[in-house]
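**Student:** One letter stands for each residue in the lines below.
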Amino acid sequence: MMPRWSLVGLFALLTAMWSPADVRAAQAGAEPPTWVEVAPIVFEACTPCHRPGGPGPFSLTTYREVRQRARQVVQVTRSRFMPPWKVDPAIGHFADQRPLSAGELDRLEAWVTAGTPEGDPAAAPRPPTFADGWLLGTPDLIVTLPEAFVLNADPSDTFRIFALPVPIRERRYVRGIEFHPGNPRVVHHANIRVDRTPTSRRLDAADPLPGYDGLMPRTAEYPDGHFLGWTPGQVAPLVSPDLAWTLEPGSDLVVQLHMQPSGAIEDVRPAIGLYFSETPPTRTPTILRLGSQGIDMAPGDAVYTIRDTYTLPVDADILAIQPHAHYRATEIIGEATFPDGRTQRVMHITDWDFRWQHVYRLITPLSLPRGTRLSMAFTYNNSSGNPRNPDLTPTRVLWGQRSRDEMGDLWFQLLARSDTDRARLTSEITTKMVAEDIIGYETMLTVTPDDVELHDDVAVLYLDMGRPLDAVRHFRASVARRPAAAPAHYNLGTALTMAGQVDEGVRELERAVELDPQYGVAYGNLGSVLLQQGRIPQAIARLEKAVALSPGNVEALNSLSAAYAVAGDTPRALDAIDKALTLKPPAAMQRVLRQRRDLLTRQR
Amino acid sequence: MGPAMGVRRRHFLASLALPITAAFVPVTAVEGVIGLDGTPVDPLAVPQGIRARVLVFTTTDCPISNRYAPELTRLSTHYVPKGVQFWVVYPVASDTPAVIRTHVGRFGLQLPVARDTRGALVKHTGVTVTPEVAVVSASGQVVYRGRIDDRYTDFGIDRPAPRSRDLNQALTQLLAGQPVVPASTRAVGCFLPDLLK
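Line by line, the protein sequences give chains A and B.
Positions 28 to 631 (the numbering used here) are the ones given, in order, by the first sequence.
Positions 40 to 236 (the numbering used here) are the ones given, in order, by the second sequence.
Think of the hints as simulated: they come from the structure by calculation, not from any bench.
In this text, a Cβ means the ideal position worked out from N, Cα and C, and glycines have one as well.
This list has only true hints and no planted wrong ones.
Just the calculated beta-carbon pair ranges, DEER-fashion:
#, chain 1, residue 1, chain 2, residue 2, range
1, B, Q212, A, W161, 49 to 59 Å
2, A, T377, B, G77, 48 to 58 Å
3, A, A233, B, A177, 52 to 62 Å
4, B, S203, A, R509, 43 to 53 Å
5, B, S203, A, G368, 43 to 53 Å
6, A, D269, B, R140, 52 to 62 Å
7, B, A177, A, G142, 36 to 46 Å
8, B, Q212, A, G327, 24 to 34 Å
9, A, A149, B, Q212, 53 to 63 Å
10, B, S203, A, V262, 36 to 46 Å
11, B, G165, A, T377, 34 to 44 Å
12, A, G142, B, S203, 34 to 44 Å
Derived contacts from chain B toward chain A, CB cut-off under 7 Å, selection only:
#, residue
13, D100
14, P102
15, N105
16, R106
17, F146
18, T192
19, F194
20, P199
21, F230
22, D233
23, L234
Could you put together the complete structure from these sequences and hints?
**Tutor:** This is the structure in structure tokens:
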């Protein structure tokens, strides 16, 4: 490629005919660039990370520092490894985008070829200054690990999940977070979710060291349609208060760290600053995930492609896009095909690198009319010709969340125009994503058919999808592998009942309470089924036991009141109704309970 | 470990410039190559009983170099009992004795250290990046120069494990009395000519 300054020189020759003064000026421009001309490029593209205290491994803030890395700077900018920006610059404008133009790359190279001349030190621009600490301002709340995680020195990528409790007493609305890696030498990216249940906390607590190895549970979610995550150099700006997300007391921030050991033993203690809004949000985005969980690559397959599409049922704007794949992916394509047939690339990465998983936030949201088809195509190279292939000897690779498996997701953050539109979009998308999740579980189970947790999880999804027979199939598999576990029989019994196989369901529930005589919810479900079968005395006995074991079991109280009513024991029925109502059950159940109370009172 | 003092070298270029006065000037060590205490050391000399020396060129702030610290410990643990000496060589001026002491402590490098303050060892071995190694045979010849292994194929691209452990292979061949093949490989890391400016 011709360096830019020689083009300037050519221009100078052409203009020489007209004005000798122009020639002198332009010839001066044909000199190789000095630090004076190169510094602005470095300060804009490199220094934000490569500075004292920044996430880059060394500083590029002065002439001397840059000169000492000059060849490396040229090599990594030419190869587009740095600055780390994977998206084709033709795609669009995203936050934090700092692509170097061909002219800038040429200027850097010309400077190095010329021997990194300094030029006039007095004319050199001053390095930019960066605020220490929190770039988004002082956070309203900072959560951090109680004690540091100690990372080994050895040089293979390490993943660790931490559940950070959020000490709030009331619901808060969050405009954004700022993630501090705690040790930028080793923390390469962070995947952050919110778990409103204690599931993640229990997984963390079960491991004696800080955090745990493994997978994030399904209960760790993106909150209210917002991506959370961090890669070096990215700070997601605060969203406007009307788009804030809700953080409930008792929630945990769940942080999965991808770490690259440094060669030394390192302490890692990340911190997250939270920024609150005083007012509740008025609009909530929806997250759409396109992708395939049926990935099954043959060893050595150098071109393996997955595709997925979804047609929008309502108008929506794209706010942000996040591609996700593991090591073997090479090309990432996302497209929007408008109702008029026009197709626009919205994401294109030709050199996918698992280590740079940005969230790409559009500077200007892209409006998509109803009927727009969003599509994705990811290509993988599972041959030994792919230096990033984690298998030195390529092997069959299936979908899975562990880094040795493969994934292929293109996530879109969409904002519908109204609550009605959002409800429709969210409901459709959830159905689509759960169907794909089920494929993922079935894929994983072909590899590890004895994993009872996978059987249980996918069975619950089948129940959500209204497919109880498939749920029964997986719960049976779970029971077969742990026949002495009361919860396995409880699950199977409940699913059998939902599938209409009530007699067998009762037998399984009886087995559950036989194995665990303190199993309150099992007594509750058993009692409710017996009530449906008209076996009233047996139902009352089980339901009384259920309520005695867990007085807060509102479903059992509801069934018990019905059973008493059928048995003609009005005082006990009314008593159970009152107890149930004080527990503030869901509106539908409240209605049923009040109707029953009115009926019983009138009968009196 | 103490430096090998006063051992005559035969294969160092700088010494060839002093043939006449050599008889009168006591040969100490390679020009500008000193230990952490400032006394001259000579990583090129191969004393009696030592079958080879490995010079590992490094800098304290090169991330790729640092990630090799555990592998260097593994290799040296294996080869030191077989008569191979490992030296960690710091050629960059900003790596002062204090900085180096912190570095070897952090990365657990329990190996003899040399500061190549005038780039003599860099020039003699022909290394161009860090980390890069030179293997010196018992006869004082550089028989291998290049990468430790092929884990890194470029900046930001590294395999989960090396396919070719080149330094290990070179030492195995040398100790078996075989020719070292290949005698050089391309190392990936931080460019020394820039760092030495």
